[in-house]
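Novice: This is what each chain is made of:
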Amino acid sequence: MTPFSYARAGDAATATRLGMGAGAKYLGGGTNLVDLMRETIEQPDSLVDVTGLSRTIEERDDGGLMIGAAVRNTAVAEHRAVRERYPVLARAILSGASGQIRNMATVGGNILQRTRCPYFYDDAARCNKRTPGAGCDAIDGFNRTHAILGASPACVATHPSDMCVALAALGAVVHLGNATGARTLPLVDLHRLPAGRPEVETLLEPGELITAVELPPLPCAVRSTYRKVRDRASYAFALVSVAAVLDRSADGMVRDVRLALGGVAHKPWRAFAAEAVLRGRPADEAVFRAAAEAELADAAPLRDNGFKVELARRTMVAVLNDLAGEAA
Amino acid sequence: MTTIRDAAQKVMQTAIGLAPERWLPGGTPDPLIGRHGAIGSSVPRVDGPRKVRGEAPFAAEIPAGNMTYAALVFSTIARGHIATLDTDAAQTAPGVVLVMTYRNAPRMAPPAVFLSDPRAAGASSLPVMQDDAIHWNGEPVAVILAETQEQADHAATLVHVTYTRETASTSFEHAATHAHRPDNVLGEPAVIEIGNAEAALAEAAHKIDRTYHTPRYSHAAIEPHAATVWWEADGRLVVHDATQMLNGTRWTLAGIFGLKEEQVRILSPFVGGGFGGKALWNHQILAIAASRLSGRPVRIALSREGVFRVSGGRTTTRQRVALGARADGTLSALIHTGTAAMTAYNNCPEQFSFPARHLYAAGSFKLEQKVADIDMVANTFMRAPGESVGTFALESAIDELAADMGLDPIDLRRRIEPVKDPTSGHSFSARHLLDAYARGAERFGWSARSPTPRARREGEWLVGMGVATATYPYYRMPGGTARITLTRAGHACVAMASHEMGMGTATVQVQATADRLGLPIDHVTFAYGDTALPPGTIAGGSSQTASIAATVTAASEKLVSALLKLVGNDSPLAGLRAGDVEARDGGLGHRTIPDRFESYVSILSRANREEVSAEAEAPMPLEVQKYAMHSYGAQFCEVRVSTVTGETRVSRFLGSFDTGRILNPRTAASQFRGGIIMGLGLALTEETLFDERTGRIINASLAEYHMPVHLDVPEIDVIWTDSPDPRAPLGAHGIGEIGITGVGAAVANAIYNATGRRIRDLPITLDKLL
Ligand SMILES: Cc1cc2nc3c(=O)[nH]c(=O)nc-3n(C[C@H](O)[C@H](O)[C@H](O)COP(=O)(O)OP(=O)(O)OC[C@H]3O[C@@H](n4cnc5c(N)ncnc54)[C@H](O)[C@@H]3O)c2cc1C
Ligand code: SF4
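Chains as they are written, first to last, in this note's numbering: chain B, 1 to 328; chain Z, 329 to 1098.
Hints in this document: simulated from the structure, not taken from any laboratory.
Don't take every hint at face value.
[Said to hold, decoys possible] Computed, partial: chain Z to chain B, Cβ under 7 angstroms:
{"no.": "1", "residue": "Q419"}
{"no.": "2", "residue": "I1026"}
{"no.": "3", "residue": "D1040"}
[Claimed, not checked] Covered by chain Z, per the in silico footprint, the following chain B stretches (three or more residues, Cβ under 8 angstroms):
{"no.": "4", "segment": "109–122"}
{"no.": "5", "segment": "294–302"}
[As the list claims (entries may be wrong)] If the Cβ cut is set under 7 angstroms, some of the chain Z residues that face chain B in the computed set are:
{"no.": "6", "residue": "S775"}
{"no.": "7", "residue": "S778"}
{"no.": "8", "residue": "T780"}
{"no.": "9", "residue": "L1017"}
{"no.": "10", "residue": "E1020"}
{"no.": "11", "residue": "N1027"}
{"no.": "12", "residue": "H1034"}
{"no.": "13", "residue": "V1037"}
{"no.": "14", "residue": "L1039"}
{"no.": "15", "residue": "E1043"}
{"no.": "16", "residue": "D1089"}
Where is the CB? At the ideal position from N, CA and C, for every residue including glycine.
All chains should be modelled from the sequences, with the hints used to inform the complete structure.
Specialist: This is the structure in structure tokens:
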């Protein structure tokens, strides 16, 4: 670990002022950033601890929620309104990491956690994300856990978060701020695909702070779920995960649907193509299959991860079947 | 390699001369076999209270004044030379005390590799940091000592090394085309051929001929390897280590540093899990060298990545099992051959063909092991080396044959149960495998299993049951010495430099000594973990319990003689010889005349002695020369496999064991369960990913190296026959390793029963079942 300075910010203004410096990084629970610092993959000059900022979950009159960026993952998953109105989010969080890590991890840190590509972690490997232009050892190496959608010749890594997959499905909006102002970004737009610059992972400006995550009202999300498929029963990252909200009308048609995939791309993958196939069609397995096919039409598997295409297809269909069955 | 065989032969020759009566074939079995006292009861671990209170110091917790902390820099190529080595920034980093590289490291002899001499403990014979050559990806190229661990870790990141690469052997498939037969496999022949197995196979009415693959695995003990070391002013070396071979480490380190054995003291009272991995690797040697250069104590605690880079694990294998069967289900041919990856500098060929040498009767055999030389960190013994992955292949093939022939797999095993050891011809000292099967089948509800795959479905989950044989040899190591000291207060202390890695070694020895001397267990203590004590034998090959017990028996016989010499003419024991008396009720008594008895307290008081002590070496393990001595078990597994995702969940597991007498049901159950859990990892989740392009391990962390977590482990039922082996001390076998054997196949066979899919390539991850 490279020496750094540390400051605790009491409010957003202080945080963004301290966070403006070139080598500054915000510190949430530290469960990802500190690991990366130990490996010298991240070498900030200064850490601005933002865990003292908003830790509240505010229930809006319209049924939506405003979740402070410093709220711990466990607190989000345990919150009554989250469990009742957005069960997909509670389930996604609880399927991730371990109890201890979730107790430390913050909403802001979870969104900005970095890939688990093993070559990214190993400074003996070539990695464009770590060292732009160095090459990518994953493309021809062990890439069983890597992306099948939206990857580029420069990088085939995935975004590891479970929480973000649920947030993508729910249409969450991320509130940002820096020394000069505030703005919002839909979560689905916050993360980038790698293209030629895998080292740039989000649309955040330097020094920009996540202040909150807003969940818009979505009454049909009471019927929502998250299914995570992984290499052991717990404490492993998703090979594929599916977050889904299904609103089925009395006559068995899909009135509304939100679908997102994890473990398949450089960002939480909102399955817009599948949603388009589903909306207004009968909520039955044939349509679910067609939707999954549509979403995966452009899948480009690598040496070891071809199974993810079939796995993603099956998991999407199974999750939709479950929700349809529940609704019936 | 020939040195190994020479050493083994030398051991055996001396053995014949020293053969004591009790262990000789035909000698009387251990009198404690039939006795029920402390042995056989569920005594809690004697080391437990200290551990749960945090009062058991581990190697990385030993304090020392003026301590320095070590960090290692690892090579990033598999083979070649260091071209440039820039340590300037590290030298001047805050807190740095020393930067050691091949340029300034003291001259050290190469380690004596394990099995090159009975006393050798080196994991590899490669010299340590003596020149610019690189032999594996991850080899230490620099050691930093600093005032704090953080400073050392930071400075290590400032060392800049470049390399000239040479072509490395990192592809298993490629190296396997040049695979060669080792001179021997742990002293056994690398090839056994009886009859013409290939011809018999060709003619067989039913046959199975399959190839199985097993990957590399890591021990992943919870305590990363660590040592705290210093040099005394008089040139003696003190090493607080985490080791399962105290005396071997002492002898080997003495050789490396040109010391006399007496100048080296190794202490290792507590080890946070070994499983075969806690041996003499580079880190202890480098810490000692750095301590010599700096003149200060050194603590080295490997990072988890360091554990993967510096200490090897179980190696990868490719195995062929071919079975030829007659119409009645007996075997006409049993072929088990294959190749394991190894380095050119160590002796661990992963003895996967061992189970097939002893398990089943067959008309002909062809058993052969080869090794493929790979440039990697030396592989090593890992819980049931060979037997764990060997039983995966063999027991999967048996299941395939049973399915092919329409036989119940347990019924097939009844038909191939041998009368004598099939390859040595020796009688079995004790073998109740079929009994273990019968008990296990009954308890597990095996009769509910449908022989037809895919017959049971619950929602999206296919449910299946599988079974496989577990087996592990009985070993007893020669060379240990035990000292028993009996005090006037009637307390006995056994002292022997043995190892407690959490198995319960100390506890069962306290129990056994209590019974041996007729004392209550709270009057017995066991001193271990320190080479200042009489020498112990390695904690390996599940041999410690039997080895120590045999040694303590010998010492207790001497103690009895010593006590009889002390008794006066007015003692009820006057005139009795050792053969006339037995230890009971806190003293000695005539075997048949109850009132000819005198307590230890009385004997010592009347002789006016504070204590009496006796020391003896164990007799040579001749029992294994005359008998086929093995442990057995039947592993029953129920799995659920998702038809959607291919995920496997083990829903029930039962191990039914036949491992001689069970000395302590509590510690035994824990060993069996631990082995089975490790077997679930072997079967389903664990794999050390070795990038063949670079020879580098890429999942050197417990986040990415997937050991089973709680949710992967169902309740595990364990039962045992508890039939004593009349040829073994206490009638007991070691049980540390057998638990993992057979588990891989039991899981794979259950998956077949559930899904109709045979997976012959571990671990069985979900992609293989989609
Ligand atoms: C062994 C292990 C297993 C795991 N398994 C899973 C899993 O299965 N599923 C899963 O989803 N996750 C998993 N995780 C990841 C875990 O969810 C993340 O580490 C955690 O969510 C990060 O949150 P944090 O608050 O600790 O972030 P930190 O580590 O503090 O920060 C992460 C990043 O976010 C930035 N940051 C933090 N807060 C803000 C803010 N308010 N504004 C702007 N930037 C900010 C930091 O600068 C840093 O770049 C696992 C982690 C570990 C170590
Ligand atoms: S996939 Fe991306 S993160 Fe992984 S090695 Fe390639 S560039 Fe680096």
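Novice: Which hint numbers does the structure go against, in order from smallest to largest?
Specialist: Structure breaks hints 1, 5, 6, 7, 8, 10, 15 and 16.
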